[in-house]
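Asks: With the hints in hand, could you dock these two chains into one complex?
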Amino acid sequence: MTDQLKKILLGEQGLVVIFVVAFALVSLLVPNFLTDRNMLGLLQSVVTVGIVACTMMFCLAARDFDLSVGSIVAFAGMVAVMASNYTGSILLGLLAAIACGAFVGFINGVVIAKFRINALITTLATMQIVRGFALIASDGRAVGINSPDFYQLALSKLLGIPTPVWVLAILFCIFGFVLNRTVFGKNTLAIGGNPEASRLAGVNVDRTRIWIFALQGVVCGIAGILLASRITSGQPNAAVGLELSVISACVLGGVSLAGGRATMSGVIVGVLIMGIAENAMNLLNIPAFYQYIVRGVILLLAVLLDNLRSSALGRR
Amino acid sequence: MSFLDFSHITKTYPGVKALSDVSFGVDKGAVHGLMGENGAGKSTLIKILSGDQHADEGEISIDGKVQAYASTRDAFDNGVIVIHQELQLVPELTVAENLSLGRFPANAGIIAGRRMLGDVGAKLKSAGIDIDMRRKVKTLSIGERQMVEIAKAVMLDARVIALDEPTSSLSSRESEILFALIDRLRGEGKVIIYVSHRLDEVFRLCDSLTVLRDGKLAAHHASLKGVTRDQVVAEMVGREISDIWGFRERKTGDVRLKVDALSGPKLKTPASFEARAGEIVGFFGLIGAGRSELMRLVYGADPRTGGTITVDGKLVRATDPRGMIRAGIVLCSEDRKHDGIIQGRSVEENINISSRRHHARFGVLNRASEIATAETFIKKLKVRTPSRKQDIINLSGGNQQKVILGRWLSEQGVRVLIVDEPTRGIDVGAKSEIYELLYQLAQDGMAIVVVSSELPEVMGICDRILVMCGGRVSAELTRDQFAERAILAAALPDQKTPDAIAS
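Going down the list, the protein sequences come from chains A and C.
Heads up: take any position in the first sequence, counting from 1, add 1100, and you land on the working numbering.
Heads up: take any position in the second sequence, counting from 1, add 26, and you land on the working numbering.
Chain C extracted, bound-state conformation (with noise of 0.2 Å):
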């Protein structure tokens, strides 16, 4: 029996089985990597551990012991840690009282602030992890407070942390520290469940993985040894998808987008940029980089500054998200949930938002045409949903990717599709269709511009690729020039050039 024992877990919610049967164990001092597409169960599975859920049937044991919570904390207080994607700490509070919160030392209610600090810094410090304890977490970028969560984790000396997509939001570099850490906390031997949809760091970290499809056990790899990538992107999407980018040449005609000089209070230097019908033109950079930046300055998401957009040689005069769908440029943005979907309503209706005025009369809706948009783009886009009816905040990433797609696609008449992080947070399987659906519309004269900070993913879709770095595009490469080491050497900052993003 190893350590953390999973045995016959089965989870059923109403109208879908979660989990079923899904048994593993996972050894002390090892890093095991859980991975599988969105809705294979994986955070369901996260949930039970953490005593957020419960199992229908079947049992985690820790050393032996059946484990049984009764909320989070209980797990907690067992030296359970799961990491979340979205992070728990009061941003308003020093790294230290984070650290201390629920624990307080403390004389007679009154904080003992130089004992905590004391306690607090021996941990930080045995941990190897370097941050001022002093600071409010509001200050702290989002990999710093990465560090701080795990640092909790640490201090409360947990037998067993789960990380569910650590990486999700971090830059290369604030990977690099994590993955030290990890190995550290390995080395203590403590276990560490690590979900992510990133092959490269599964295979660079864990030493054993629980591939999960459907809410059963796909594949359970004792070790990575002799283990291919493109067996368990198979084990995944249950078939073989030998080049999930299936690139398509196109012709490219005139010039659609042309941006001149384009600045505002995010992006001070001006930026310029063209983007041909049927090209798909990517956007490669690190995170700050101004990539987003400047694609919401394209589509008037933010105010801008100076420059100008000319759509098909006509100058757009719209400053504004409305006057650009009228212009035909529309924005698929990178933070779907922030950005894109509208909470608690439906399929539908998020489909509809922006293209039903062109259905309604004197503001009465047409509810026969916007029933059959509806349905025409849920078939089209192939969007995985009960029904039109369904409140979006249930659909997974990939079918939340493609409402939003589908919203825009409605809009009859756009001339330039911006896609922001295409495919952040969303499976293998969801992700060709995204791609296929990308050289679809380029093929019908779109212009198509890819923001990503996924390499593999800009060489293996786009036409031409623009670098940016420090807010300016620092290179631009036709498909022959590609090759990943220029592209990077161009998107890393030189000392030299000053950090014309503003903070």
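Chain A with its partners taken away, still in its complex shape (with noise of 0.2 Å):
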């Protein structure tokens, strides 16, 4: 019986099945949890962490780091409003957000790459750069959106399901099979997992890895650009401390900080579980200051777990 148990809870799929567990848990227990209003606010409560995990999740497999994703998502956010603003185009100003992100991005793929500086440093220093980009541009003040266009961005619904929702799901399964079924995922996966043999099998590594950050910037932008329609103005403090919570679901979801490990499943399940925990916390009324507990001690546990299952699965 409880070799049945330990089997399931350590094998490959074994978060999958605590998810299971938890929700239909939570669901039982925590009153107005299972209502389709709460559903889709759970959802798009989790829409900023889970956009920027998918490529944060690319990084951690390539053995990288980004700590500079919420200065991006704030910069990003400022550039759409801003440019909107200044242009009188939405579509120009969105274009102006994602330029700017993938910018920032390339160039800490090219400093980490080509230069072969420390991720953790590199990011850092760009995080604070663009932080201080944001809030320079507007003198530090938040800048309201003056076409009411850019709102339904946030609040236009397909399907009784709120776009940016969608958009979520739809960059879960783009990059699902970005890593799992084309070359430059495999690669990432290989980089990770032994940097120097990748080079050597002939996989180009300078390049791999500047995309990898390039795509994060984009990924960035477009997540900048959906939390400034959904708070209506771009805000220079917006997404401070984005990074660790990234982080945090995408190591929730098994994704292994010495490379070469992720799946797109857990990261979406390590997402999940962080957006359902604060949900939880905030119907049954747990003030603020307790939920960091909470989510400090599920991470933990969650990082044990993985631990006790790579031991089960004889990585020696």
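Hints listed in this document are in silico derivations from the structure and should not be mistaken for laboratory results.
Accuracy of the hints is not assured; some may be wrong.
Straight-line alpha carbon distances no greater than 27 Å define the calculated BS3-like cross-link-like pairs of lysine-lysine that follow [what the hints assert, rightly or not]:
hint : chain 1 : residue 1 : chain 2 : residue 2
1    : C       : K54       : C       : K162
2    : C       : K294      : C       : K242
3    : C       : K242      : C       : K408
4    : A       : K1214     : C       : K292
5    : C       : K363      : C       : K415
6    : C       : K340      : A       : K1214
7    : A       : K1106     : C       : K415
8    : C       : K43       : A       : K1106
If you want the footprint, here are the derived chain A segments under chain C, 3+ residues with CB under 8 Å [stated by the list, open to error]:
hint : segment
9    : 1274 to 1283
10   : 1297 to 1311
Computed spacing ranges between beta-carbons, pair by pair [what the hints assert, rightly or not]:
hint : chain 1 : residue 1 : chain 2 : residue 2 : range
11   : C       : D240      : A       : I1261     : 55 to 65 Å
12   : A       : L1235     : C       : A398      : 47 to 57 Å
13   : C       : S395      : A       : L1220     : 31 to 41 Å
14   : A       : V1403     : C       : K43       : 26 to 36 Å
15   : C       : F130      : A       : L1235     : 50 to 60 Å
16   : C       : S395      : A       : L1357     : 28 to 38 Å
17   : A       : Q1113     : C       : K43       : 25 to 35 Å
18   : A       : S1145     : C       : T331      : 50 to 60 Å
19   : C       : D240      : A       : L1220     : 21 to 31 Å
The beta-carbon is built from N, C-alpha and C at its ideal position, and this holds for glycine as well.
Replies: Structure representation (structure tokens):
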């Protein structure tokens, strides 16, 4: 009996099993949890973390790290709002935001891959630089959105589900496919497994890493736009600490910080577990201060579980 | 009953019986060889001895007392010390500090430096180990580090010292020093367990020998008198291997690879050589002779500062591994773990990592062809793995090597295959399979370059041998000229040639 249980929990799909059990328990025990309204709210609340986690997964899988995502999200949101206000075209605003995100990511990638600066340090630097740009652009103030159409990005619905949730779902599908079914995805995992052996096996390591960071920038741009639309303004202080939530979600989802191991399904589960925990605590009126503790404990437990699983699989 | 006694040791891992009912004893003052193919259970036995793993059944006793260790530390305190292939020293600390680690002589937490040097110095001297105690470990050669590890065992007054493949990364001179030290420890009445793949060493050093096969005791020789090498090999593989080289004559064709005056930061003297289609060219030399450095230059693994490479008469412009693969040159590196396998990824992915670009469309993988490629090469190269999805880290060295060969063979159009130490750390059975494969590939027209530190190996399988010494090609011999003496003489540095290899 206990062996059986151990097998299930420590198996490939252990995390999914735990997720399903946790979901069922929360549904039963927390009033108002399993309602359409709350479910949609829950999904909307994980959009930003979920979108950025898609590419953070690649970053971690390649043994890299990106701390600058929170700043890029805020900066891209500012750019989107200010550029659409200035040009009067929302489309131009969105493109500008994504281009800015991609540019910052590209710079991260070049510095890390070509100049061989540690990713932690590089992105710690760009995190501050980009946050600075976001603050300078508006002199530290929030910038309101002129065109009401911009709000519609976050408010509009398709088949009863808000657009941002659709975007999240589509990105999950795209990056799941990219990770498992493309040369780029496999190269990413190989680099994380052993960078030098990958290079000697003919993988273009530098280019792959630059692409990973540039994609991360693009995705942060998208997340920034949706966030700005939801909070109806460009906030230079938005998404502070986002990088930690995103990395937590990825690690919860079984992505190895040592590189070489990542699955999209794991990351989705990781994102949802974080979302559900927060949502349930809000429904139960647990004060925000305690929520930090719960989140930390969940992360620690998840990592411990992962450790147990690795040793059970016999990866000595 | 012997001084060190293994009785009925059994150990099961999920899915594998690593050891079953293994019993033997070793006397005081004896060097006991432990041999067996990879996966035969040697490492498991050593791990149990060191307290790292626990036997499911059976027990170990020393001097009549049953030993039960909770941890390696516990084993340590009971005088059982295992020296692993990967050495466990702190590079930033000095020799003396490493040797005192955990037991620093101190006054109120402040290390008594002079006392430490005195204690360590006395021990080193009595053990006959000549190393400057004040040097940081990171500045020592691998051979010297090994000495420090053994010194650690001496410092602790170990009763049982197990050495796991101690010479795998030592030069022959360093090995000699190690052997002298082992002889000395034998004289002091220690029990030494010597795990090795090398028959020469075992026959030279050991008093008694145990051979394991598939987790079972295949043979126990209380004395090596009258035991032949062929017999031990047969015990290891469970069948007679008369000629492990199995050399076959081949016709050679035109020059495939022409390397002209190649030089790089680690190879100052320009080097040139050729390899013909169907030819197996061997590179022999001592460690540090520049063979691997030259091959890494050919493959573009390190940047080159001068020289040209021509394949089938066409100049190769590429300077990186990617370009070299496309030009038809591939390399299996000497350091499989660091430069070869992708840890944490499956056998399938390790095979397909390079060749998948031929099947992918717009960057999207062709799953069906990847699976087929993996299955083909697992079968063709007889890779022993439960499935193509197995993490490569769980395979034995020989099978990992086959996977890497599969990686290159799945690239159609390889013209030059360079293999650096193709059989290092690989058991006898897998060795002959790899040689057989090399003959087959040469037969099909590939030019093959084999770098090896094992003289019998290069003499056994190559059509031609180039000897390197101090960064230069010092001799070239065809098969009819092969003679151990001439090759060794060319490999040994003479005093007049300047050391062309940058450290």
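Asks: Please name the hints from earlier in the document that this structure breaks, with their numbers sorted from lowest to highest.
Replies: 1, 2, 6, 19
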